[in-house]
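Since chain C is already given, all that's left is putting chains L and V on it; use the hints.
Residue numbers (the numbering used here), protein chains in the order written: chain C, 397 to 680; chain L, 368 to 686; chain V, 126 to 449.
Quick caveat, the hints were computed from the structure, so don't treat them as lab data. Quick caveat: nothing in here was measured; it's all calculated off a predicted structure. All C-beta atoms, glycine included, are put in the ideal place defined by N, C-alpha and C. Any given hint might turn out to be false.
Stated by the list, open to error - Heads up, simulated DSBU-like pairs for lysine-lysine below, C-alpha to C-alpha not over 30 Å straight-line:
no.	chain 1	residue 1	chain 2	residue 2
1	C	K403	V	K233
2	C	K564	V	K147
3	L	K500	V	K147
4	V	K263	L	K628
5	C	K564	V	K392
6	C	K564	V	K212
7	V	K205	V	K133
8	C	K564	V	K215
9	L	K627	V	K442
10	V	K212	C	K581
11	C	K564	V	K297
12	C	K581	V	K216
13	L	K387	V	K269
14	V	K233	C	K581
Claimed, not checked - Partial list, computed: chain C residues near chain V (C-beta under 8 Å):
no.	residue
15	P450
16	F566
17	Y568
18	A571
19	A572
20	K573
21	A574
22	H586
Here's the letter readout for the chains.
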Amino acid sequence: MSLKLLKLAFKNAFARFSLLIVLIFVAMALTAPWIVPYKEQALGEPNMAERLQPPSLRHPFGTDHMGRDILSRVMYGSRTSLVTAVLVVFLSALIGVPIGLISAYFGGFVDNILMRFTDIFLSFPPLLLALLIASTLGKGLFNAILALVVTWWPWYARLVRSQALSIKTFAYVEAAKAAGVSSAKIMFRHILPGCIAPLAVQCTMDMGSAILEAAALSFLGLGVQPPKADWGLMISEGKAYFLNYWWVPTFPGLFVLLLVVSFNLLGDVLREMIDPRLRRRMLV
Amino acid sequence: MKELVRFENYSLSFKTLHGKVRALRNVSLTIQDGEIVALVGETGCGKTVTGLSIIGLLPENAVYSGGIFFKGMKIDRETVRRIRGKEVAVVFQDPSSSLNPLYTVEQQLLDVLMSRWNMTRSEAKERIPELLKQVQLFDVDRVLRAYPHELSGGMRQRIMIAMALACEPSLLIADEPTTALDVTVQRQILYLLWELQRAKKFSVLFITHDLGIVAQLADRIVVMYAGSVVEIAPKRLLFTNPLHPYTVGLLNCVLDPRRKKLPEPIPGSLPSLTEISSECAFRERCGHAFDECSISTPNLVEAEPNHFVSCHLWRGQRG
Amino acid sequence: MVEVRNLKKYFVLRGKGLWGKKILVRAVDDVTFSVQDGQSIAIVGESGSGKSTLIRCINGLVKPTSGQVFIDGQPVTLLKGREYREKVAKKIQMVFQDPVTSLNPRLKVFDIVVEPVLAQRRMRRSQLIDLVNDLLQKVGLDPKLSERYPGELSGGQCQRVAIARALSVQPKILLLDEPTSSLDVSVQAQILRLLNELRQNLHLSYIFVSHDLGVVRNIAERVLVMYLGKLVEIGPTEEVMDHPMHPYTKLLMESVFYPDPNVEMRKPVTLKESDGYTGTGCNFKNRCVHATRDCEDYDMSLIEVSPERFVSCIRWKEVNSWSN
Chain C
397 MSLKLLKLAF KNAFARFSLL IVLIFVAMAL TAPWIVPYKE QALGEPNMAE RLQPPSLRHP
457 FGTDHMGRDI LSRVMYGSRT SLVTAVLVVF LSALIGVPIG LISAYFGGFV DNILMRFTDI
517 FLSFPPLLLA LLIASTLGKG LFNAILALVV TWWPWYARLV RSQALSIKTF AYVEAAKAAG
577 VSSAKIMFRH ILPGCIAPLA VQCTMDMGSA ILEAAALSFL GLGVQPPKAD WGLMISEGKA
637 YFLNYWWVPT FPGLFVLLLV VSFNLLGDVL REMIDPRLRR RMLV
Chain L
368 MKELVRFENY SLSFKTLHGK VRALRNVSLT IQDGEIVALV GETGCGKTVT GLSIIGLLPE
428 NAVYSGGIFF KGMKIDRETV RRIRGKEVAV VFQDPSSSLN PLYTVEQQLL DVLMSRWNMT
488 RSEAKERIPE LLKQVQLFDV DRVLRAYPHE LSGGMRQRIM IAMALACEPS LLIADEPTTA
548 LDVTVQRQIL YLLWELQRAK KFSVLFITHD LGIVAQLADR IVVMYAGSVV EIAPKRLLFT
608 NPLHPYTVGL LNCVLDPRRK KLPEPIPGSL PSLTEISSEC AFRERCGHAF DECSISTPNL
668 VEAEPNHFVS CHLWRGQRG
Chain V
126 MVEVRNLKKY FVLRGKGLWG KKILVRAVDD VTFSVQDGQS IAIVGESGSG KSTLIRCING
186 LVKPTSGQVF IDGQPVTLLK GREYREKVAK KIQMVFQDPV TSLNPRLKVF DIVVEPVLAQ
246 RRMRRSQLID LVNDLLQKVG LDPKLSERYP GELSGGQCQR VAIARALSVQ PKILLLDEPT
306 SSLDVSVQAQ ILRLLNELRQ NLHLSYIFVS HDLGVVRNIA ERVLVMYLGK LVEIGPTEEV
366 MDHPMHPYTK LLMESVFYPD PNVEMRKPVT LKESDGYTGT GCNFKNRCVH ATRDCEDYDM
426 SLIEVSPERF VSCIRWKEVN SWSN
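Just chain C, same shape as in the assembly (with noise of 0.2 Å):
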């Protein structure tokens, strides 16, 4: 993948602007606990003199219903939102990308066992398998990116299988097993670098996601949990008060649509570039 490529596929100001977008809440996620102008309040400690005041110079995006500056709290919501999306998919990646190589490299049974097993993950709605992992092993950020890890993994198992048997027909695989070269090494050296550009576009694709489901955990109370903030619980326990008072959830929701739009343009960028087709059209 030439750097002309990516200067061309960046050319175009949408994707300029989601790179744009996705670093900036990267960077300040990762600076928060230095820049942000009220760090108690947005770890949680309350400022009832203040409550609900509408966008200001003092607080640029108001104040919640515990009299919390809300433009800090949201920062500090970026920090979660990203980790627990980086983590789910991740974690993720890493259950089903092993999982879709063996199935695929070994076919027969060993394919047949494993899509079974991948299959009954698969069929697991994952708010209802959150709610019983929150109602046994309890409430929290943890548990609830367990359960989205469940529910996520068979995707990539299903997406590096696919890729990966195309890649076996390879006449290249053949000659390594021909030569002697070992199972492991075979996927490894072969296999899996085929496997990571559509890999690599349904990750940034799925940040997006899983911050909306992180989001929706936590606004049905199974995520993050008070005093802590996120943009989730944030926007649940704001929405109460949006007739009068429409800033408290509504800065969190933005930020939340920015991101997740964000990811998914940079996740459409990215496929395009590794699209031959899309590619040639590029050159015209």
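Relative to chain C, chains L and V alone:
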């Protein structure tokens, strides 16, 4: 014989990420009425693009100069529509991607007949059995009801030929039509094509890299190398008296199943089409190159009656 | 040195539709032959003949349904792991049809060429560099190309790299699956010359699979003709090609186009319209216009016409007298 197609100094380039690819350089050739012209060359010589240029099937990033004339009429975006599918039909290499897998053979044949001749469905249906018989497909019902993937490669290619002939073209462009087929099927398809051509007298532009096929099928042969025409001659003349060093080399490489004779490889490899140079494209590999060869590209001259070559060795001849 | 005994590879395919009958595909159907040290044989056939499956059974890429393969007297069918490396990978290597897909586009030429050796044993970097330089020179490539990627090389160069890779473990036998079919004519000539030289210099045996009879004539001493999984004719190349004894071999020879403008356009050999599979009797009887009632019972076992010459047709004596 009347002239059907004429290329006049036709050049074609593609704009790509890696720069300008010069696919064709000053191609000049003619196809007469009722003759089979074989366009021969290796990868990158431009033979396929030459065929596609006649019907304008070029990608968006193509830039061309010079002219192509069909029956005296210059081909451009408007006029090409007048000949595509009507006067000129194409048979491609891979029948599995030229036929639509979602429609039955009957539907696709009807499509062609109805759009070409403005027939009604029932009129078109009547013409079909005869079309299939022409290409030696006798199990008419079974073939019509089938989807392309249910038929063998040879049968699919016969259908492609039937579809092409349904247009009653003056020119049939066949682009490596038998490369993907078995030897025995290839013989059947090519003999069929040859018989049909002898009967209906349409012209054929046969694009291939296989000199064995060309030796029996073609009337005249055009040899191409790296986007240029290097030699044009009637079949026998080309094989017995090849003039261009590339043609000589190519003929020496061809393997004859009747004799054990190791081929004489041409040293070097095909040049890149993105590098623009004014020298002869074959110079690096040519055993007879001299100073003029690095200075300019040779023009096509008639070295002997009907025998054209573009090589500085024959520069002094009639141009 | 390589011996194949009663090799069979059957596939089960599901028929058309949701409840299609299971179809048994006899890709390789009871094949027996052997190749001596230093010999070069060609396996000829069209698509569906089973030739590609057959050679993949020899080096274990495909597991046979039954039958055995011996290399240097040792049984090697169904071997895995270390035994496979010692008894198969070290002795017999393969060159594939499409040079571009037979090289991993993400690896440098250097890593591609040394992979088989590194699967056998560890070597120091300096030893590997020497090995690669030596191999690349042997196949006519500039050793500097070892730092390039396959995408930067031409088809002919890629095939040379593939040959270098195959030679890296110093095998005695090379399996070549249509190694020149994807190449241009001029490049094909170069590669064939190279293969001939290598065979002489390194005393190799070749098992060559091809559908191109011109190539076969020039590289093989012996030829084995296959049709729908069965061997139909075996013999010295010149004899089989000039005087075929099996109707199918005759069909092949008469279908080929000779690069001779003085040869007239011949009509194809008349065949009965039919599909391949028969189930019983001679495989070719459904298409052979000379088939008789006896052909229904004939099990296609090879008849020894003379030492070195085998046919599986009960009417072999008459084949040459049949006209088109």
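Hints, one by one, checked against the model:
The straight-line distance between the Cα atoms of K403/C and K233/V is roughly 26 Å, inside the 30 Å bound, and the hint therefore holds. Simply put, K564/C and K147/V have alpha-carbon atoms about 25 Å apart, close enough for the 30 Å limit, and the pair holds. Under the criterion of a C-alpha separation no larger than 30 Å, the hint pairing K500/L with K147/V is inconsistent with the structure, at around 33 Å. Our distance criterion of 30 Å between C-alpha atoms is met by K263/V and K628/L, whose separation comes to about 23 Å.
Note on K564/C and K392/V: the hinted pairing is violated, with a Cα-Cα distance of about 42 Å set against a maximum of 30 Å. For the given pair, K564/C sits about 24 Å from K212/V by alpha-carbon distance, which is consistent with the 30 Å threshold. Taking the CA atoms of K205/V and K133/V, the gap is near 19 Å; set against the 30 Å cutoff, the hint holds. The suggested pairing of K564/C with K215/V holds, with an alpha-carbon distance near 23 Å, which does not exceed 30 Å.
About 26 Å separates the Cα atoms of K627/L and K442/V, which keeps this hinted pair within 30 Å; it holds. Among the hinted pairs, K212/V with K581/C is consistent with the structure: their alpha-carbon atoms are about 20 Å apart, no more than 30 Å. Note on K564/C and K297/V: the hinted pairing holds, with a Cα-Cα distance of about 27 Å set against a maximum of 30 Å. Restraint check for K581/C and K216/V: the C-alpha separation of about 21 Å stays at or below 30 Å, so the hint holds.
A threshold of 30 Å between alpha carbons decides the hint, and for K387/L with K269/V the separation of about 28 Å falls inside it, so the pair holds. For a cut-off of 30 Å, the pair hint linking K233/V to K581/C stands: about 17 Å separates their Cα positions. Among the interface hints, the one on P450/C is violated; its C-beta lies about 57 Å from the nearest C-beta in chain V, farther than the 8 Å criterion. Contact between F566/C and chain V, as hinted, is supported at the beta carbon level, the nearest pair being about 5 Å apart and thus within 8 Å.
For Y568/C, the interface hint holds, since its Cβ comes within 8 Å of a Cβ in chain V; the closest pair sits about 4 Å apart. The criterion of a C-beta within 8 Å of any C-beta in chain V is met by A571/C, whose closest approach is roughly 6 Å, and the hint holds. The beta carbon of A572/C is positioned within 8 Å of a beta carbon in chain V (closest approach about 7 Å), and the interface hint is therefore held. Nearest Cβ of chain V to the Cβ of K573/C: about 6 Å, under the 8 Å cut. The hint holds.
Interface restraint check: A574/C against chain V, minimum CB-CB distance 5 Å, threshold 8 Å, status holds. Here the hint on H586/C is kept, as its CB sits about 6 Å from the closest CB of chain V, short of 8 Å.
When held up to the earlier numbered hints, the structure conflicts with 3, 5 and 15 and fits the remainder.
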